[in-house]
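Novice: Given next are the chains, with one letter for each unit.
There are 2 protein chains.
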Amino acid sequence: MDELTTIGAMRTWSRAQRAAGRTIAFVPTMGALHEGHLSLVRQARAAADRVVVSIYVNPTQFDNPDDLAKYPQTLAEDQAKLAAAGVDAVFLPTTEQMYPNGYCTFIEIVGPLTDKLCAIARPGHFRGVATVVIKLFHAVEPDVAVFGQKDLQQVMIVNRMVNDLDLPIRVLVGPTMREADGLAMSSRNRRLDAGMRERALSLPRGLERARLAYGQGLSDAMKLCEAVYDECLQHEGVEVDYVEVVSLKGFTTAETADDACVLAAAILVDGVRLIDHVALAGTVLPVPLDD
Amino acid sequence: MDELTTIGAMRTWSRAQRAAGRTIAFVPTMGALHEGHLSLVRQARAAADRVVVSIYVNPTQFDNPDDLAKYPQTLAEDQAKLAAAGVDAVFLPTTEQMYPNGYCTFIEIVGPLTDKLCAIARPGHFRGVATVVIKLFHAVEPDVAVFGQKDLQQVMIVNRMVNDLDLPIRVLVGPTMREADGLAMSSRNRRLDAGMRERALSLPRGLERARLAYGQGLSDAMKLCEAVYDECLQHEGVEVDYVEVVSLKGFTTAETADDACVLAAAILVDGVRLIDHVALAGTVLPVPLDD
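As they're listed, the protein sequences go chains A and B.
Numbered by the working numbering, the letters in the first sequence go through residues 1 to 291 in order.
Numbered by the working numbering, the letters in the second sequence go through residues 1001 to 1291 in order.
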């Protein structure tokens, strides 16, 4: 596995692959890799001749410096996992290089994609995500990029940016991977001790309860959201940031749910922020997502 | 000369050139071509094997719908000029394709580059410029792009965006071309009748007066600006939008001018907006411009 630490070296590597007639799939990550990331790597391997993974904890997407400081970093383990997964190159840029002094250019997405859900509690978060993703795309120049569906709003935004800015990249979405107990895999799960973990399960449990209720004919969005509040707020130290029924047609908030809707929620367990969602019709979301 | 009207066709054309080992220089324009544009085309021809020129009147950079409606459009003449200048391909995208329904992604440049000069009177203008330029860059994928120095703030912003977003493109700047009487060439000059034209000359005259005064030892920015106000405000129907001494080191407003400074101004002549600037040290600006 090749290791590339500069934007120039990364681009040279990619262009050599392209010159040799090979296609490139790219999986951007912030490290602290888990089975969810590795499933995206497998999807990337199936989609192109070469796979590049980036590991970069992007400061511009952290609205909260404390959250950035506490973000888990496990580089040596991550590299071993990627090598074992057959990744061809890992890209490890530095912040000095990504955001040199005087840096002042950002990608802004306006409208329904950034006026709700995580955009409310995390101002500037998606601006930081979109900005680092386009920078990584310009460095790696992939044919395909793979993102996890767990970060639904993020992948909708990236897909929108790719379309709007005419990037010659196909965005693929990998399904949310879950632990045996149902918790959606997340690097942040490392910050949960056994007791927090037990309480965190109220999130997938509430979402699943709502999905079953929708299957039995309940379409009132407020009542569907209540199932999540009910499950989560039974537990001390659990706060609900949002619960919302969102239609993937236009990413609008729905008062009455239909099969194009997801139920999305964010909670804090003793201050650790966790997000998850379910497609109410129970099916895997269309890829690329509707815009 | 090839004519390409879709983003896909443009990219296919460029990739075929690259595959054949040829480099590409790109000159984005809004049409209404004059000798200033053609000088950029000549610079482009000297810088790469193939030259692409785009003609697209970009609606997102017009803060004023009336200004957009009145922007001169002379497509047949433009095409003839480009063919005669040896341009290899002209890119003519449509607005339906550039900004389809639901379009919501924009490039924002924050800080000194967008807090002064034209950014004040034209909110959203540079956001629109940066956005269309990155879209055109993604379609054309040039090695080199050439911009006119007359639009100084624009070229500084584009250069900054290219650096910040790691675009693999070299930005070249062509010097301001002037009519025999000293007026900076601009597509907007077509909207000046003989009387307006005469009054418009107060702008280069004022700038030149200030430059000479600087050469004789005057460095007080306010006094240098006064030379422009004095020249312009003698004429009825001439309004001054701004006159400002700006250091190209950091693009900050200077109270005391030095050799790194330009004197930049915008005026309206019977409502037609004209901009111009002089480098106080009289030399051609460094390329790429300082950031």
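No wet-lab data here; the hints were simulated from the structure.
We put the beta carbon where it would ideally sit given N, CA and C, even for glycine.
Certain hints may be false.
As the list claims (entries may be wrong) - Covered by chain B, according to a simulated footprint, are these stretches of chain A (three or more residues, beta-carbon under 8 Å):
| # | region |
| --- | --- |
| 1 | 100-109 |
| 2 | 134-141 |
| 3 | 165-178 |
Said to hold, decoys possible - Distance windows between CB atoms, simulated:
| # | chain 1 | residue 1 | chain 2 | residue 2 | range |
| --- | --- | --- | --- | --- | --- |
| 4 | A | Pro72 | B | Ala1069 | 32 to 40 Å |
| 5 | A | Ala83 | B | Asp1067 | 28 to 36 Å |
| 6 | A | Asp230 | B | Asp1067 | 52 to 60 Å |
| 7 | A | Pro168 | B | Ile1120 | 50 to 58 Å |
| 8 | B | Asp1067 | A | Asp67 | 18 to 26 Å |
| 9 | A | Gly111 | B | Ile1120 | 53 to 61 Å |
| 10 | B | Ala1046 | A | Ile120 | 19 to 27 Å |
Novice: Against each hint, give a clear statement of whether it holds in the structure.
Specialist: Consistency of the hints with the structure:
Closer than 8 Å: that is the beta-carbon criterion, and the region 100-109 of chain A has 8 residues meeting it against chain B, so the requirement of 3 holds. With a threshold of 8 Å between beta carbons, the proposed coverage of the region 134-141 of chain A by chain B holds, since 4 of its residues qualify and at least three are required. By the rule of at least three residues with a Cβ nearer than 8 Å to a Cβ of chain B, the coverage given for the region 165-178 of chain A holds, with 4 such residues. For the hinted restraint 32 to 40 Å between proline 72 of chain A and alanine 1069 of chain B, the CB-CB distance of approximately 55 Å leaves it violated.
Between alanine 83 of chain A and aspartate 1067 of chain B the C-beta distance comes to about 57 Å, which lies outside the given range of 28 to 36 Å. A hinted range of 52 to 60 Å holds for the C-beta pair aspartate 230 of chain A and aspartate 1067 of chain B, which are about 56 Å apart. Between proline 168 of chain A and isoleucine 1120 of chain B the beta carbons are some 36 Å apart, a value that contradicts the proposed interval 50 to 58 Å. In this structure, aspartate 1067 of chain B and aspartate 67 of chain A break the distance hint of 18 to 26 Å, their C-beta atoms being roughly 44 Å apart.
Our hint of 53 to 61 Å for glycine 111 of chain A and isoleucine 1120 of chain B is violated, since their Cβ atoms are close to 26 Å apart. The hint said 19 to 27 Å for the Cβ distance between alanine 1046 of chain B and isoleucine 120 of chain A, and at roughly 52 Å that hint is violated.
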